[in-house]
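S.K.: Here is how the chains run, residue by residue.
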Amino acid sequence: MTAALALPIAAIPARAVAAEANEMGFTVLGYKEKGLMKITEPVIWAHGTIQDVWEVEASAAVDIISGASPQLVTNVSGRPVNSISSASITDRRNTADAKVTRRFGDFALSVSRAISDENDYNSRAFGLGAEWSLNQRNTTLAAGYGKSNDRVGSRNDPTLHERRDTKEYLVGITQVVSPVAIVQSTVTRAEGRGWYNDPYKLTFTFFETGIPLLLPDTRPDHRDTLTWLTRYRRHFPEVRGTLQVDYRYYRDDWGIRAHTLEAAWEQAFGERWSVRPALRYYTQEAADFYSPVATNPPPAILSSDQRLGAWGGLSPSLRVTRRFERGIAIEGTLGYVHNARDLRFGGSGSPAFETLRAVYGIVGVRYPF
Amino acid sequence: MKRWLAALAAAMLCGCTAVAPYQRGYLARDDMAFDPSPGMSRALEKVYSAKEAASGGASVGGGGCGCN
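Residue numbers (the numbering used here), protein chains in the order written: chain A, 13 to 381; chain B, 850 to 917.
Don't read these hints as lab results, they were simulated from the structure.
Do not rely on the hints blindly, as some may be mistaken.
[To be verified] Mimicking BS3-like on lysine-lysine, the simulated pairs with C-alpha atoms at most 30 Å apart in a straight line are: (1) B:900 - A:50; (2) B:900 - A:159; (3) A:179 - A:159; (4) B:900 - A:44; (5) B:900 - A:179; (6) B:900 - A:46.
Keep in mind that this is a model prediction, so the values were computed, not measured.
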């Protein structure tokens, strides 16, 4: 239960040129990990323009999560390993969000609201955004502020009622480079205060002598993050293809440093079809307090959650889009996720990190109205 | 870090061609958009953020979840 999951309420332009004025869509995600979790997520979304100066965006989704989750890291066998709970969990999260934007010529102001509810976590957030287009709308500057108030509970402990509050700040620029290229770069800072412990994770460490220690997941009561995201799009009209490259740098005061790089090529076949192969690479350093084994005496903060360890991941994917009359489009994406300690950039990651393999499929339809 | 950001901003703002509105046909393509399908973007965010320590970058005010 760490950093906020940023829903796509964009504080920065999603396009250089306005697309369909009104559009709605429906998307379904199916995600399956080998031996672990399964997620199904239907999403419905829409955006529209009213009287050319108001824009409204909204979406709603349900996360249905089931399966097993690593609950305990123990070295009883001699080396630390994840111990999977025999009890299969089922969880459901309902989310909804809306954003309203008012345009004043080259300026735009927006407000947004997001809610998320599951049986052990509730989140209420709002956002404010501003955009200023200049240089014949070749340049767009953006700024945003968001605040999230979250409540943390536990399925296993009805007495757990903690809070976590996060403030976010964003500045960004979108620049048209040429008639066939555009780049966008944003910097986001988040300041979080409150409860970050995972109530479902434990570390069970045996020593050569003495009694073993069973420690709950304990993390700092703050988390300050900095994220820098840069995205580039370059169309090649002669081959009807587009290069898409995204890079994200992340750091926080837990000691985590992460890099994400995704490169894709979207190739059009006629006016109706396009195919988009992509490859995503992710690498992260471990949190300062991450360890799969405890010391004796135990440290004040410790987490053996391998999502805080050092590891890397490769994820290839393939998307196919079929376009119909009036702007209707159906798109499908198949992807594979492979996270392993040996994929960490620069060398081996955390020794106790267990390889994660997952496949996912996403099908969506877009309908202008 | 700040010097890198300032250099990036300067590189982005200078040496760029001022593109007139009638020249922006290619920029209106779906494959030139950063987020052409909100539903697809949301689903992909879910796939990766639940397992990674890093998250976000493109927006604020989205709230949190008990997923990681």
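S.K.: Just to be careful, I want the Cα atoms of residue 900 of chain B and residue 44 of chain A compared with a cutoff of 30 Å; is the pair within it?
M.R.: holds (13 Å)
S.K.: Is residue 900 of chain B close enough to residue 159 of chain A, meaning Cα to Cα at most 30 Å?
M.R.: holds (23 Å)
S.K.: With the threshold set at 30 Å, check whether the alpha-carbon distance from residue 900 of chain B to residue 46 of chain A stays at or below it.
M.R.: Within the cut-off at roughly 14 Å; holds.
S.K.: Between residue 900 of chain B and residue 50 of chain A, is the straight-line Cα distance small enough, at 30 Å or below?
M.R.: The hint holds at about 13 Å.
S.K.: Check the hint pairing residue 179 of chain A with residue 159 of chain A against an upper bound of 30 Å on the C-alpha distance.
M.R.: With Cα atoms ~5 Å apart, residue 179 of chain A and residue 159 of chain A stay inside 30 Å; holds.
S.K.: Would the pair residue 900 of chain B and residue 179 of chain A pass a check requiring their Cα atoms to be no farther apart than 30 Å?
M.R.: holds (22 Å)
Checked against the numbered hints above, the structure breaks none of them.
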